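Undergrad: From first to last, the protein sequence lines are chains A and B.
Using my numbering, read the first sequence as starting at 256 and increasing by one per residue.
Using my numbering, read the second sequence as starting at 394 and increasing by one per residue.
Calculated directly from the structure, the hints in this document are not laboratory data.
Misleading hints may appear alongside valid ones.
[What the hints assert, rightly or not] These stretches of chain A come out as covered by chain B in the derived footprint (C-beta under 8 Å, 3 or more residues):
{"id": "1", "stretch": "279-287"}
{"id": "2", "stretch": "303-310"}
{"id": "3", "stretch": "318-324"}
{"id": "4", "stretch": "329-343"}
[Claimed, not checked] With a straight-line cut-off of 20 Å between C-alpha atoms, the simulated SDA-like cross-links for lysine to any residue are:
{"id": "5", "chain 1": "B", "residue 1": "K506", "chain 2": "A", "residue 2": "P310"}
{"id": "6", "chain 1": "B", "residue 1": "K496", "chain 2": "A", "residue 2": "L330"}
{"id": "7", "chain 1": "B", "residue 1": "K774", "chain 2": "A", "residue 2": "E327"}
{"id": "8", "chain 1": "A", "residue 1": "K266", "chain 2": "B", "residue 2": "A735"}
{"id": "9", "chain 1": "B", "residue 1": "K774", "chain 2": "A", "residue 2": "D293"}
{"id": "10", "chain 1": "A", "residue 1": "K266", "chain 2": "B", "residue 2": "L760"}
{"id": "11", "chain 1": "B", "residue 1": "K496", "chain 2": "A", "residue 2": "T306"}
{"id": "12", "chain 1": "A", "residue 1": "K275", "chain 2": "B", "residue 2": "A743"}
{"id": "13", "chain 1": "B", "residue 1": "K774", "chain 2": "A", "residue 2": "P310"}
{"id": "14", "chain 1": "A", "residue 1": "K263", "chain 2": "B", "residue 2": "Y765"}
{"id": "15", "chain 1": "A", "residue 1": "K263", "chain 2": "B", "residue 2": "A767"}
{"id": "16", "chain 1": "A", "residue 1": "K263", "chain 2": "B", "residue 2": "L760"}
{"id": "17", "chain 1": "A", "residue 1": "K266", "chain 2": "B", "residue 2": "G651"}
{"id": "18", "chain 1": "B", "residue 1": "K490", "chain 2": "A", "residue 2": "A331"}
{"id": "19", "chain 1": "A", "residue 1": "K275", "chain 2": "B", "residue 2": "A762"}
{"id": "20", "chain 1": "B", "residue 1": "K496", "chain 2": "A", "residue 2": "K263"}
{"id": "21", "chain 1": "B", "residue 1": "K774", "chain 2": "A", "residue 2": "I294"}
{"id": "22", "chain 1": "B", "residue 1": "K774", "chain 2": "A", "residue 2": "T306"}
{"id": "23", "chain 1": "A", "residue 1": "K266", "chain 2": "B", "residue 2": "S761"}
{"id": "24", "chain 1": "A", "residue 1": "K266", "chain 2": "B", "residue 2": "A762"}
{"id": "25", "chain 1": "B", "residue 1": "K774", "chain 2": "A", "residue 2": "Q303"}
{"id": "26", "chain 1": "A", "residue 1": "K263", "chain 2": "B", "residue 2": "K774"}
{"id": "27", "chain 1": "A", "residue 1": "K266", "chain 2": "B", "residue 2": "E748"}
{"id": "28", "chain 1": "B", "residue 1": "K496", "chain 2": "A", "residue 2": "V262"}
{"id": "29", "chain 1": "B", "residue 1": "K808", "chain 2": "A", "residue 2": "L284"}
{"id": "30", "chain 1": "A", "residue 1": "K266", "chain 2": "B", "residue 2": "K774"}
{"id": "31", "chain 1": "A", "residue 1": "K266", "chain 2": "B", "residue 2": "A743"}
{"id": "32", "chain 1": "A", "residue 1": "K263", "chain 2": "B", "residue 2": "L655"}
{"id": "33", "chain 1": "A", "residue 1": "K266", "chain 2": "B", "residue 2": "D633"}
{"id": "34", "chain 1": "B", "residue 1": "K490", "chain 2": "A", "residue 2": "D271"}
{"id": "35", "chain 1": "A", "residue 1": "K263", "chain 2": "B", "residue 2": "K808"}
{"id": "36", "chain 1": "A", "residue 1": "K266", "chain 2": "B", "residue 2": "Y764"}
{"id": "37", "chain 1": "B", "residue 1": "K774", "chain 2": "A", "residue 2": "L299"}
{"id": "38", "chain 1": "A", "residue 1": "K266", "chain 2": "B", "residue 2": "K808"}
None of these values were measured; they are calculated from a predicted model.
The beta carbon of each residue, even a glycine, is placed where N, CA and C say it ideally should be.
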Amino acid sequence: MTVADVVKVAKLARLDLTPKNLERTAAQLAGMLEHFADIDALDLDDVQPMTQPYPLRNVFREDVVRPSLDREEVLAAAPFAEDGRFRVPPILGLDG
Amino acid sequence: MSDMSSAPLSAAQIAAGVRAGTLKAADVLEQHLGRITDREGDVHAFNLVMADEARAAAAAVDAAVAAGNDPGPLAGVPLALKDNMCTRGIPTTCSSKILEGWKPPYDATVVTKLAAAGAVTVGKTNLDEFAMGSSTENSAFGPTRNPHDLSRVPGGSSGGSAAAVAAGFASVSLGSDTGGSIRQPAALCGVVGVKPTYGYVSRYGLVAFASSLDQIGPFTGNVEDAALLMDVIGGHDPMDSTSIPEPQPSLVEAIGQGVEGLRVGRITDLPQGADPDVVDRLELAFEALQAAGATIVDVEVPAFGYGLTAYYLIAPSEASSNLARYDGVRYGMRVDAPDTNAMYSATRAAGFGEEVQRRIMLGTYALSAGYYDAYYGKALKVRRLIADDFDRAYTKADVLLTPTSPTVAFEFGSKGDDPLAMYLCDVYTIPTNLAGHPGMSVPYGTCQHGLPIGVQILAGTLGEQVMFRAGAALERSIG
């Protein structure tokens with residue numbers, strides 16, 4: 256886990272890390288990954304991955320109109336809203 | 394050591410009294426608000442105390458009784474909610490700056506159910522930011538202190554909910570448990586804490602941390618109250634597609650059944666390292682259940698010790714995905730920037746605390762191209778090994794007993810700067826979440842310095858009834 260790795264991951268995660276934080280994060284993540292290497296000792300070739308604890312099945316409901324959240328109430332919780340919509344900065348900007 | 398002698402009535406006693414008209418919900422509430430006035434400044438269990446709303450709710454309960462109506466099985470019971478459960482029109486912060494000012498447009502299912510049962514919500518409790526931590530030291534609003542010793546942590550992440558019950562600020566509370574966040578603080582604060590089977594309680598309106606692990610459960614002063622809460626909050630919810638449709642027999646009825654013939658398992662290959670006092674109390678718990686008619690059997694759960702690694706790859710991976718929604722568009726705060734990508738990154742860096750950022754980074758890395766199979770994929774296989782090991786153990790035993798926490802409540806700052814030291818707090822609680830099984834912590838005496846110790850009882854999928862029978866028997870054994 257290098258600082259370059261951390262820069263790449265921070266970009267994927269949309270987190271502005273300061274240079275000081277980058278080095279600290281690299282060291283901490285490296286320490287964790289070293290600890291997490293304990294599972295390398297296990298033979299996992301024939302083991303099926305488990306993504307959730309209860310047997311998965313599709314859950315359907317009737318396709319009928321039901322009351323949903325109040326639009327004004329939802330928009331009131333947003334940092335910026337305008338004309339019944341969320342307002343965001345330009346999508347195609349400096350990083351575009 | 395603080396004076397905990399003014400023992401409040403149990404939730405069951407409060408509800409019975411209020412329903413019978415011999416107790417006023419308003420009076421019960423004022424007693425709890427009085428304790429909050431006296432000690433909340435020291436303990437800091439709450440992000441928000443809702444005195445006005447609580448007084449209105451208590452008055453409505455009393456009015457219902459006066460009109461000859463039954464307010465429900467939790468009539469007048471003062472309740473505290475972990476501040477990651479949505480309450481319509483009332484701030485829900487997850488103890489994070491990023492949700493500053495956010496008022497949810499809906500109630501969590503548990504909130505609706507508890508109100509319908511007559512409970513009176515007194516406030517929203519502090520937590521480690523987004524439930525990530527084991528001490529509440531990661532709260533953006535400052536830590537909660539352990540009511541038994543203010544120099545020590547209450548545990549976490551549901552530290553505020555555990556402290557609120559331990560201090561008598563609320564009769565009962567709800568927390569959420571992703572890797573031990575109900576059971577560990579329950580143990581450190583000397584109260585009962587239950588993590589139900591995954592899917593037993595609806596997660597609708599619980600702010601998601603790791604969706605395949607999160608589960609809501611109660612903190613109470615005794616096992617009967619925990620059963621009472623579970624009977625109210627459990628059950629299928631069409632709004633949560635992972636909630637279990639199977640019927641859930643009453644736990645209040647189960648606790649009287651005793652443990653005659655119950656097989657209680659001792660995990661012979663359990664990870665070592667618990668404090669001697671903790672190990673001593675666990676041994677006494679085995680003896681007590683045996684004396685009550687249970688049989689002690691040895692079982693093995695070989696993959697138990699790999700739970701920590703599997704958890705700290707799976708939970709941050711799910712968190713990195715769940716927390717992608719905090720992007721400065723729909724909720725809470727925004728840091729302005731010239732374009733959306735820069736705005737996302739600036740908002741998230743300013744809004745999330747250090748531990749949350751660390752877990753997002755770890756999860757993003759574990760899911761990223763080239764590393765997915767080596768980390769996340771492998772962790773999912775280890776998760777299967779753990780679940781299979783438990784299933785084998787539960788063919789020989791009905792319940793398993795372990796320590797809840799390897800230590801008693803520790804001092805603030807004592808885990809230093811090493812995230813792994815904090816993660817090890819959950820070594821005994823995490824495997825259950827991975828398997829999706831229920832677990833509970835029951836207070837079982839104290840260490841030589843008088844700090845509470847909890848014993849953890851584990852059971853297989855939907856094994857709540859046997860788990861509660863064992864919990865009630867343990868409680869009876871210490872009187």
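Undergrad: It remains to establish, for every hint, whether it holds in the given structure.
TA: Here is how each hint holds up against the structure:
1. 279-287: Answer holds; 5 residues pass the 8 Å Cβ test.
2. 303-310: It holds, with 7 qualifying residues against the three required.
3. 318-324: violated (count 1)
4. 329-343: holds (count 8)
5. B:K506 x A:P310: It is violated: about 26 Å lies between the C-alpha atoms, which goes past 20 Å.
6. B:K496 x A:L330: 11 Å, holds
7. B:K774 x A:E327: 45 Å, violated
8. A:K266 x B:A735: Within the cut-off at roughly 10 Å; holds.
9. B:K774 x A:D293: Answer holds: K774 (chain B) to D293 (chain A) is near 14 Å, not above 20 Å.
10. A:K266 x B:L760: Since the Cα atoms of K266 (chain A) and L760 (chain B) sit roughly 14 Å apart, the hinted pair holds (cutoff 20 Å).
11. B:K496 x A:T306: At roughly 32 Å apart (the allowed maximum being 20 Å), T306 (chain A) and K496 (chain B) break the hint.
12. A:K275 x B:A743: 15 Å, holds
13. B:K774 x A:P310: 16 Å, holds
14. A:K263 x B:Y765: Status holds; Cα separation ~15 Å.
15. A:K263 x B:A767: Satisfied, since the Cα-Cα distance of roughly 18 Å is no more than 20 Å.
16. A:K263 x B:L760: Between K263 (chain A) and L760 (chain B) the Cα gap is close to 13 Å, so the pair holds against 20 Å.
17. A:K266 x B:G651: 56 Å, violated
18. B:K490 x A:A331: Distance ~18 Å between K490 (chain B) and A331 (chain A) Cα, so the pair holds.
19. A:K275 x B:A762: 26 Å, violated
20. B:K496 x A:K263: It is violated: about 34 Å lies between the C-alpha atoms, which goes past 20 Å.
21. B:K774 x A:I294: 10 Å, holds
22. B:K774 x A:T306: 9 Å, holds
23. A:K266 x B:S761: Roughly 12 Å between the alpha carbons, so the hint for K266 (chain A) and S761 (chain B) holds.
24. A:K266 x B:A762: 14 Å, holds
25. B:K774 x A:Q303: 6 Å, holds
26. A:K263 x B:K774: The given pair, whose Cα atoms are some 27 Å apart, is violated under the 20 Å limit.
27. A:K266 x B:E748: Since the Cα atoms of K266 (chain A) and E748 (chain B) sit roughly 18 Å apart, the hinted pair holds (cutoff 20 Å).
28. B:K496 x A:V262: 34 Å, violated
29. B:K808 x A:L284: Between K808 (chain B) and L284 (chain A) the Cα gap is close to 17 Å, so the pair holds against 20 Å.
30. A:K266 x B:K774: 28 Å, violated
31. A:K266 x B:A743: The given pair, whose Cα atoms are some 15 Å apart, holds under the 20 Å limit.
32. A:K263 x B:L655: With a Cα-Cα distance of about 54 Å, the restraint between K263 (chain A) and L655 (chain B) is violated, given a limit of 20 Å.
33. A:K266 x B:D633: 32 Å, violated
34. B:K490 x A:D271: 16 Å, holds
35. A:K263 x B:K808: 29 Å, violated
36. A:K266 x B:Y764: 16 Å, holds
37. B:K774 x A:L299: 7 Å, holds
38. A:K266 x B:K808: Judged against 20 Å, a Cα distance of about 30 Å means the pair is violated.
The structure fails hints 3, 5, 7, 11, 17, 19, 20, 26, 28, 30, 32, 33, 35, 38 (numbered hints given earlier, in ascending order).
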